[in-house]
Each structure stands twice: as C-alpha cells, then as structure tokens.
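A.B. asks: Protein chains in written order, with our numbering: chain A, 1 to 116; chain B, 117 to 645.
Hints in this document: simulated from the structure, not taken from any laboratory.
One or more hints might be untrue.
[Stated by the list, open to error] Coverage of chain B stretches by chain A, computed from C-beta distances (three or more under 8 Å per stretch; other residues unrestricted):
#1 135-141
#2 145-153
#3 164-172
[Claimed, not checked] Examples of chain A residues lying across from chain B (beta carbon under 8 Å, computed):
#4 Arg43
#5 Gly47
#6 Ser51
#7 Leu73
#8 Thr75
#9 Glu76
#10 Arg78
#11 Arg79
Even for Gly, the Cβ is constructed at its ideal location relative to N, Cα and C.
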Amino acid sequence: MPKRKLDPLPSAAFQILLALAGEDLHGYGIMRQVAEQTEGRMRLGPGTLYSSIQTLLEAKLIEELEPREDAALGTERRRYYRLTAAGRKLARAEADRLADLLRVARAKKILRGEYV
Amino acid sequence: MSEKLYAFLLRLFPSRFRQSYGEDALQLFRDRARDETGLPSRFRLWLDLLADLAISVPREYFYAQPELLAAPTDHAPGSPSFYVLNQGAPRPGALVFGFVLSVSALFTFSGLLNQGGQHRALRSSASPRQSFSSRSATGAVHPSPQAADDSSFSVSGETSQETNDSASAPASRRGATCCAPSRQDSLVPNASAVATSSSPLPTIPAAGSTLTDSLSPQPNSPVPLASASTQIPASERHSVITAAIDNLKRYYPNPALAERMSDSLLAHESKGDDNATTDGTAFAALLTRQMRQISNDKHLDLAYSATPLPDEAGQPTPQELASYRDFLLHNNCTFEKVELLPGNIGYLKLNSFPELSVCEQTAISAMHRLNHASVLIFDLRDNCGGEPETVAFLASYLFDHPEYFYNPRENTTQNSWTHSPVSGNLLADKPVYILTSSHTFSGAEQFCYDLKMLKRATLVGEATGGATHAGVFHRLDDHFGIGIPEARPINPYAAADWAETGVVPTVQVPAADALAAATKLARARLKQK
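Working from the sequences, and respecting the hints, build out all of it.
C.D. replies: Below, the structure is given as structure tokens:
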C-alpha cells in the first residue's frame, strides 16, 4: 500500500500550512482560517482535515501542542498545531513555485497586470 | 440527534483513524453545527460532511498504516522482519483471482470433509475370502464395543460337534487358556458372552476355540461346521434381506451408502442371484460380499449360526460374570508365563487382555517382574483378545510419553491413550518382540497393529487372525445376525487396519518357531549394543 504523499503538495495540505503560518490553531480554527483565506471556496471536512494533519505531522511539517481550551469556544480542551521550520520552508518553496507559474502565466498574457 | 448521526457515520473510518481523530472530528462537527445555524447553512454543512466522507473514507483505507511502513527503519539487524516491498496496490484481477481461489478451496475442503468417512484411498481393496464363510459357519458374530448398547456381546452358536471337538482338544491347543470359560460354559446354551454392563469397553470374545477357529482367515484352517449348516427356504432368504436392509438403514453411519447397499441387495435378489444359494453359511457370505462390493467396508458382516441365536443379546447373567472372574483368578488372569530367559530376555506369555477391574494387580506385578529385562518378548500366539483398556494399560509400559492407541471399535476417547510414563518403569526404551500366530485375535491384534505402526515392536510369527470385532451385533432372525460398525474412529496410519487381512509380522516364520526366532533376534540385537 502506498504511503501518503506530499509531493506534489496537495492543496488542502498547503492551505493548512498557510493557515498555521500566522498563529497556532486547533482543528476548527484551521478550518475557519482556510475558509477565510480562500474566501469560502475551500471548506475542509473533518476527514480531509485530520487526515491531512496526520500526514503533515508524520512528515514533521507541523507539530502538535499540549491541548488547551479556546476561550471563545467553551471549556473543551483542543489540540493545537504549530508550523515547524521545515513546514515553513516547504510552504515557502510551494509559494515560490506558484509564483514562478504566475510569472510564466503573466508573460504569456494569460493573467492581467495587477495580479501578484 | 444530528451529532449522533455523524458519530455513527464516523464508524466508516478505519479504527486507527477514529482512535486518533474521532473525538476531534466530532468536536469540529459540534463547532460548525453551533456556528452555522439556519436551514441553508445546515444543508451546506451536511453536504460538506457527506462529500468529505465520500472522499476521505476510501483514502484512509487505501493508505498503509504508517507504523507498518515505518517498521523496516526500526528493524534491529539480524532479527527477522517483514518488509513492504511492493508499494503499489494489488491489481483488481489479482483480487478477483484470490477471491475465486479462496472460495474454491473452501468448497473443496468442506466437500472432502463430508466424503472423508469412507477412507477409500487408505483401504486395501476388499477381497472376499474363504475366511468369511468359515467364520460364519459357527455363527460367531461379534459384538459391540458400544457399551450403551445392550447387544454388546460376543455371540457364538456352538454345535455339539464343535463342543466335543474343543472338549477333546489338548490343553495346549491354541486359545485353550483364554477361552476356557466358554469351554467350561459350553453346556450352557449360548452362554459364551461375557461383559460388564457398566463398562464402555468391548467384551472379551469369549467364544473360545470356537471363535478362534472359526475366525481364522487362513485358507487351510479347518472349517468345522460347514456340514452343520442347514438349508434355508426362499422365504427366509427374503426375510433376512429385508431385516438386513432395515438394520442397515437404521444403524449404518453413512445413510447414502446404506441406501446403495440396500438397493444392491434388492437388485441381486430380484435378478435371482441369490436363488442358487440355499446353504445358510454360503448365503450369509454372499450377502456380505454384495454389501461390501458397494461399501468396501470390512467391518460389516452378515453371519449365520446353525444353532438359534439368543432372543436378545442381553446382559450376561451374574453367574456368567462370576464364572468369568473365577476363571481369571484361577488362571493368573491369563498371564500364562512371566519369566526371564537366559540373556536377560523378559518373556511374557499372555493369552488374553483380561478385565482390569479383576486383573490390574496381576498385570502390574507381571510387568514389575520384567522391569529389569534388557529385551521384552510378548507371546500373543494364543491370545484371543480382550479389553482395549488392558491393551493400552500394558502398552503404557513401552513408552515414556502418552501414545495414541488406535482402536477401530471405539471412537477416540481419553482411554485411547496409553498412561505413559509409568512410574518406576524401565521398559520404555527396551526392544520389544511380539510373537503372533493365525490365532492371535481381536484385542491382541490391536496391540500388535499399534505397536507395529508406532515402530515400537518387531512382530515375529504368522499373520494374525484379522478380527477387529468392530461391528455392533444385530439379530436378524433365529439364525442370521449382522455386525454393523457404528464407531468410525480415524485411523492415523496410512494403511488399512487388520480387518480380514490380519497384522502381518515383520519377520514371518511359522508360529511354532516364533519364540526361537525372536530369541535369536533379541540376542543378536543385545550383542550389537
């Protein structure tokens, strides 16, 4: 059976890395952050979210923090996740790759001026 | 309500995922359900969840468990380990093939198990032998090992001619000792059966020389009673066939085979195959042959007795039991000789395997007396059988661990094992020779057969009598009876048991020379050491 792969990086995993770039978040926080940064186009379901988190944890791109409460959401303790240095590096590399693609697209006049 | 529904749907995920993230997934569901109220939002929530399930459930099952994939890297050098070599999923074709293979293997094995009762491959082909007619000449029909069955007796119809014959026989004649009770009782009509009602064990075939002579498969053995058989009318032939069929259908363990045998008997009758046979003995032999042609079952026997069979093979009377016990006590339990021959050869001449309840102490002291022998010789040339319990009891001295003792008469029980090791016993590793003759019968043949198959003893002498006494006796009418094997223990050896053929010794010499031959072999073996 195949191992989960992060090459190429799935968009859900990339979005999670981006969501965690700003601050440490729990699962629901990541989901909301991803929805926000994609303007509602990507709403991660629990299955996709946590299997991606599991993959990223195994690859040591993110790390799990001690569970704690989120005051805004009640008294339940939640697992928080933080981006690792390797995760940040990979996210940057992915962003660079996308930026390169954008440059090509702009050079080919597929994209118009003001984007990126 | 909806949370419960989602919790239920979460069960679709593999358990390892649920253990890690099941609670978090539910928590996320609660958070969204709390924040996203209103019908459209709730509708979108469920749409998201179902789409998520549809995508992520198969993916979770598809991916390997991380701990398995991680295993090789943690693997300590030098210790065995499995590696996941093929990272691709099996082809669908391979999965289909595996499924078909598994299903066909399942059906094949269950089919073989259902058909396994007949052991055709393990059995040598049935050869109708002269022995059968000579056996039935005296009507020696045997008996049941099945104890609960009241008919578990040796039954022997003796004629006056035979009684006279045995009475006049010299005391040294075969079977003289062990069969003496029946000889003594021969004045009592049909009183040759001895058994204990409580014992689940086969009875001693106490029919005496009558039984031994008549059961002999040796072609040159006397057929004492051929002339005593009476002519039977056609009407009796038909009623015997009907009664035999009735018993087959009622008692034979394989109903399909019983049906086929019954059909065959009727077909032969209607074709007129039986008409020429008016002699009772020959007719019984003919019917037995017809049944065995179908079943190949040597333990199935139809026999004729010139003298009327007892009404019902009931329990032995207290007098008979007392007489049997009295006989045992006055004859050292048929342990005829227990002695050390020159060269430290232990010699035991045993003429039956008597009931342990009476003879246990005798057996123990006999084996104790031979305990320091370098070689053992069991002389079973005049042994006409007895209790399987005693067979296993004596065999216990020959092993240092419990051994399975196959007995075609009984289904396997805890009594099927020897009681080895016997405390203080020194004989477990000593060479063993067994002397046999064509008059070695029944339980004695079990002793020979199992020790030969276990390669624990060298048999010296003649092929044994070939009497398994595996059938339960059923009376058909005054003169005819049928022995139907009801127990079907599995023979652990890839060879037929001794039914009809007897146990063939490794060293074949005439019975009279067997002791000399075995002694010579034993001395040669001791010298080698």
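A.B. asks: Compare the structure with the hints numbered earlier in the document and write down the numbers of the violated ones, lowest to highest.
C.D. replies: 8
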